[in-house]
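Given chain A, put chain B in place with the hints provided.
Protein chains in written order, with full-length UniProt numbering: chain A, 1 to 660; chain B, 1 to 383.
Calculated directly from the structure, the hints in this document are not laboratory data.
A few of these clues could be false.
Unchecked claim - Okay, the calculated bits of chain B under chain A, using three or more residues with CB under 8 Å as the criterion:
#	region
1	177 to 191
2	203 to 209
3	298 to 309
4	312 to 323
5	361 to 371
6	376 to 382
Unchecked claim - Calculated pairs, DSS-like style, for lysine-lysine (alpha carbon to alpha carbon, straight line, at most 27 Å):
#	chain 1	residue 1	chain 2	residue 2
7	B	Lys235	A	Lys614
8	A	Lys218	A	Lys199
9	B	Lys15	A	Lys625
In this text, a Cβ means the ideal position worked out from N, Cα and C, and glycines have one as well.
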Amino acid sequence: MVLAGRTAMWWARLRGPCPAAAPLSLPPWLPAGPVASERLYSSRGKEKLDMSTYPVESIRNFSIIAHVDHGKSTLADRLLEITGTIAKTDRNKQVLDKLQVERERGITVKAQSASLFYNHEGVNYLLNLIDTPGHVDFSYEVSRSLSACQGVILVVDANEGIQAQTVANFYLAFEAQLAIIPVINKIDLKNADPERVEKQIEKLFDIPIDECVRISAKQGTNVEKVLEKVIEKIPPPQCNTADPLKALVFDSTFDHYRGVIANIALFGGEIQKGHKIVSAHTNKRYEVNEVGILTPNEQPTHKLYAGQVGYLIAGMKEVTEAQIGDTLFLYKQPVEPLPGFQSAKPMVFAGMYPVDQTEYNNLKSALERLTLNDSSVTVHRDSSLALGAGWRLGFLGLLHMEVFNQRLEQEYNMSVILTAPTVPYKAILSSAKLIKECGKAEITIINPAQFPDKLSVSEYLEPTVLGTIVTPHEYIGKIIALCQDRRAIQKDMLYIDEQRVMLKYLFPLNEIVVDFYDALKSLSSGYASFDYEDAGYQTADLIKMDILLNGNPVEELATVVHKDKAYATGKFLCERLKDAIPRQLFEIAIQAAIGKKIIARETLKAYRKNVVAKCYGGDITRRMKLLKRQAEGKKLMRKIGNVEVPRDAFIRVLKRQTDK
Amino acid sequence: WPYCRKRCSYCNFNKYVVPAVDEAAVRACLVREARTLLRLSQVQSVTSVFFGGGTPSLASPHTIAAVLEAIAGAAHLPTGAEVTLEANPSSAGTPRLAGFRAAGVNRLSIGVQSLDDAELRLLGREHTAVEARQAVEAARGLFPGRTSLDLIFGLPGQSRDAWARGLEAALGLCDDHISLYQLTLEQGTALATQVWAGALPTPPQDLLADMYQTARAMLVAAGFRHYEVSNFARKGALSTHNLSYWRAEQYIGVGPGAHGRFVLRGEGGRSREARVQTLEPDAWMREVQSQGHGTRRRVVLSPLELLEEVLALGLRTDEGITHERWEHFSPHLSLDAVFGVPGQARSLQQQGWLLLDGGGLRCTREGLALLDSLLPDLLCQLQ
Numbered sequence: 001m002v003l004a005g006r007t008a009m010w011w012a013r014l015r016g017p018c019p020a021a022a023p024l025s026l027p028p029w030l031p032a033g034p035v036a037s038e039r040l041y042s043s044r045g046k047e048k049l050d051m052s053t054y055p056v057e058s059i060r061n062f063s064i065i066a067h068v069d070h071g072k073s074t075l076a077d078r079l080l081e082i083t084g085t086i087a088k089t090d091r092n093k094q095v096l097d098k099l100q101v102e103r104e105r106g107i108t109v110k111a112q113s114a115s116l117f118y119n120h121e122g123v124n125y126l127l128n129l130i131d132t133p134g135h136v137d138f139s140y141e142v143s144r145s146l147s148a149c150q151g152v153i154l155v156v157d158a159n160e161g162i163q164a165q166t167v168a169n170f171y172l173a174f175e176a177q178l179a180i181i182p183v184i185n186k187i188d189l190k191n192a193d194p195e196r197v198e199k200q201i202e203k204l205f206d207i208p209i210d211e212c213v214r215i216s217a218k219q220g221t222n223v224e225k226v227l228e229k230v231i232e233k234i235p236p237p238q239c240n241t242a243d244p245l246k247a248l249v250f251d252s253t254f255d256h257y258r259g260v261i262a263n264i265a266l267f268g269g270e271i272q273k274g275h276k277i278v279s280a281h282t283n284k285r286y287e288v289n290e291v292g293i294l295t296p297n298e299q300p301t302h303k304l305y306a307g308q309v310g311y312l313i314a315g316m317k318e319v320t321e322a323q324i325g326d327t328l329f330l331y332k333q334p335v336e337p338l339p340g341f342q343s344a345k346p347m348v349f350a351g352m353y354p355v356d357q358t359e360y361n362n363l364k365s366a367l368e369r370l371t372l373n374d375s376s377v378t379v380h381r382d383s384s385l386a387l388g389a390g391w392r393l394g395f396l397g398l399l400h401m402e403v404f405n406q407r408l409e410q411e412y413n414m415s416v417i418l419t420a421p422t423v424p425y426k427a428i429l430s431s432a433k434l435i436k437e438c439g440k441a442e443i444t445i446i447n448p449a450q451f452p453d454k455l456s457v458s459e460y461l462e463p464t465v466l467g468t469i470v471t472p473h474e475y476i477g478k479i480i481a482l483c484q485d486r487r488a489i490q491k492d493m494l495y496i497d498e499q500r501v502m503l504k505y506l507f508p509l510n511e512i513v514v515d516f517y518d519a520l521k522s523l524s525s526g527y528a529s530f531d532y533e534d535a536g537y538q539t540a541d542l543i544k545m546d547i548l549l550n551g552n553p554v555e556e557l558a559t560v561v562h563k564d565k566a567y568a569t570g571k572f573l574c575e576r577l578k579d580a581i582p583r584q585l586f587e588i589a590i591q592a593a594i595g596k597k598i599i600a601r602e603t604l605k606a607y608r609k610n611v612v613a614k615c616y617g618g619d620i621t622r623r624m625k626l627l628k629r630q631a632e633g634k635k636l637m638r639k640i641g642n643v644e645v646p647r648d649a650f651i652r653v654l655k656r657q658t659d660k
Numbered sequence: 001w002p003y004c005r006k007r008c009s010y011c012n013f014n015k016y017v018v019p020a021v022d023e024a025a026v027r028a029c030l031v032r033e034a035r036t037l038l039r040l041s042q043v044q045s046v047t048s049v050f051f052g053g054g055t056p057s058l059a060s061p062h063t064i065a066a067v068l069e070a071i072a073g074a075a076h077l078p079t080g081a082e083v084t085l086e087a088n089p090s091s092a093g094t095p096r097l098a099g100f101r102a103a104g105v106n107r108l109s110i111g112v113q114s115l116d117d118a119e120l121r122l123l124g125r126e127h128t129a130v131e132a133r134q135a136v137e138a139a140r141g142l143f144p145g146r147t148s149l150d151l152i153f154g155l156p157g158q159s160r161d162a163w164a165r166g167l168e169a170a171l172g173l174c175d176d177h178i179s180l181y182q183l184t185l186e187q188g189t190a191l192a193t194q195v196w197a198g199a200l201p202t203p204p205q206d207l208l209a210d211m212y213q214t215a216r217a218m219l220v221a222a223g224f225r226h227y228e229v230s231n232f233a234r235k236g237a238l239s240t241h242n243l244s245y246w247r248a249e250q251y252i253g254v255g256p257g258a259h260g261r262f263v264l265r266g267e268g269g270r271s272r273e274a275r276v277q278t279l280e281p282d283a284w285m286r287e288v289q290s291q292g293h294g295t296r297r298r299v300v301l302s303p304l305e306l307l308e309e310v311l312a313l314g315l316r317t318d319e320g321i322t323h324e325r326w327e328h329f330s331p332h333l334s335l336d337a338v339f340g341v342p343g344q345a346r347s348l349q350q351q352g353w354l355l356l357d358g359g360g361l362r363c364t365r366e367g368l369a370l371l372d373s374l375l376p377d378l379l380c381q382l383q
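Looking at chain A on its own, in the form it has when it is part of the complex (with noise of 0.2 Å):
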């Protein structure tokens, strides 16, 4: 890893386009004195605000980054308090995580913005705070978000100092050339050690000790002072009012009475309602409605204007419309889309299942209405024998997928069957006539149903992540030890303080969608950080393994494997299955297999004795009860050959093991 080299270049990027030390001269347009304290927000009602006070020069756009419980959401609500954006009471706590899922988690899922206004030396500012998705499942939405800023402010924990996903969120607005304030939380802290965490900085991304602002901002000591950084050390976004618009789609959400609403940056022009625009990405055409900021509730204004971050109402019917990343612009005025453009891309595949089938409908339609709100889940239908009719899900990654379930269950009062996450495999087929048939040479494998045999393909692909570990260094051997053990490839170690070692590896996706995070929090008692990011994909050896219950396979048990895990995936299959099944009548050997080899067996003995001893004139009713449900039972099991598995077995073997 050439870490030095890119953070000289950071240095060199931050110090060109920023005037950081440059002095502010007052804009001339601008009013001064008492009537450039008056606060705008003071007046908001419904009447629109006139935008066009706010010139380029006079806006900043930044995001706040930082790892989960960093401190990120409390550092907004202090900014949004003494902007007076909004009041300051007590019960400002995460106010722009609005899910219940994020208060609970700590963490961001959803991006929303807030535009403050702050008078400094006379000036009237505009910072408009772009929230990012608190983690790199999200990188994608992070890096839109980001794409919309000019500087972030990263904060620290002083206490637990850089972890894993500072460092994957530094990268991320390091890549972006971004303008970058190093803030260190929770001073307020007994275990506090600012110096120490500044070192780390230093050490890690090369950021010198006296650009770090220590702050609490839980107690609100020092936050001004990131306000005055934000001014001096960010720059104004370079674009011209005078251009053609130019607006890019950072966020989009969607409203059950005005359809879809796409937060903007803009990039060039100027934007009002009853301008016609048009998607670069589907070159649908729009009538805008209304304009806004965020404050953080949608605030109308006549206009937008360059440089300027709001929302835009057009008509948009569904969250696709506005996909995160699109480019709009006026109506034959067409313009250069903004770089970056990507349908989001699911990592992360799992089958989604009602409990009970008649809950089918019902969860059915609270899956479209979620997924109105993340255009990032994939959905495909899919059906087991054993669980019935679902879905298969595709997520952005692990993290991901567990929120989706949680807001399912919290706001459509859904409970699921979530099976193992599984990844999206690639085949490179060599075989002519698979080619023709699938129209491709390189096909997606997302159900083990569909892996093509070995003789007709040249490799298989599985895809990996770069993950990055931060850890006190006592737990080093047993996490390498468990990276070995994940298939892991190491790609760099690095101290960043005596007692803090970063360690960066090369995963399989697969080795870590299951339990990776909870096996290394568990053997690091909680003190090691995990994250990560795409790597793409590498060849493996990858094999079918199918599990049989007295020589019948098991469809939904199939399962992609690369081959030197093989062995213990089908033991541990076969020991869950074990547990799972009744005992029946007959014995029943469980099977791992390959091909036609047998890689694992477990003997489920038959039952020798099973009647009960006393069965007189006494409560009859309640034995034929038992019975009764029994039989009830036996309509419900799924028959593989004469066996006879419970439902509830598969999703024993099927679900995931640990929760969050």
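Only chain B this time, still in chain A's reference frame:
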């Protein structure tokens, strides 16, 4: 009789250990409830009477006599009708047993449970092996050919050999009827709590199956007929009363927590009812005193529910369910029509667990030990 002197470690029966029982009051209520229920059922003739429950041998012969007189007064009780009393070895001395015989009891079922003192202590029994032997000998003297004894197997830590030795000893002692019960760990009992907490070993499944098969072989070799899952008899000494349960005949339950299955002809009823009497003795007595009986719950059994009981109970016996008896409960659909057609029952026959022939439907020797695994399939097919 719902009272016991001591709580056994394995028993979850509806029983009460109280310092003093107002026997006269209990007696009056038993008599009154028996009369009321017999009148409601309009039964003409009673074929057998069974005094069971907690420890009936703790009741005085006078109480037993009073109940029998009440029955004989309300319905016909033939002279030869089987009248069984459950007795504990600790309350079964010769004079007492003679008193019961004088009261009308003609069959005795003795709760020996084990002939090993350590096992008896584990079971929380009051008696010793010596007392058990004495009780059986006293009973055989008074009720020759009509004394039964109960044994329990599958105790935590018990080996197959220990069980075989115990059974051998019992064979040397017993009369013509013996009941062998595999220990069932019941929720809420001291023994189950200890086993589930790991303080005592759980008897392995296969060992229990071996113990059962060993016992079957030994008893059959000694001339016994294995006529029900847990019951063995020779010289025709089958329990008439218990057979009537397995043959799904009508019965009236009298006393706290007793269950009954009968048609309420007295109320113009046509379908059989499942009835349960109030569990708690004092509450039961109050109800009997005010209404004549203490029935707490009554549910009319549907024809299907009745057939389900016929099936689940009948298959416990070696005779199974005869065509004749099935026809009595199901005049329109024969055994062959239900279980002889392709389906689960047929494949169970092919696998050698069940037999359907001229004698009716019954379990094979192997099938009987697995009846509870067969019944769900059969119930499915019956529906």
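The hints, checked one at a time:
1. 177 to 191: holds (count 4)
2. 203 to 209: Since three or more residues must qualify, the claim that chain A covers the region 203 to 209 of chain B holds, with 4 doing so at under 8 Å.
3. 298 to 309: n = 4 at 8 Å, threshold three: holds.
4. 312 to 323: holds (count 3)
5. 361 to 371: holds (count 4)
6. 376 to 382: Result for this restraint: holds, n = 4.
7. B:Lys235 - A:Lys614: holds (23 Å)
8. A:Lys218 - A:Lys199: holds (23 Å)
9. B:Lys15 - A:Lys625: holds (24 Å)
Figure legend: structure checked against the earlier numbered hints; every hint is met.
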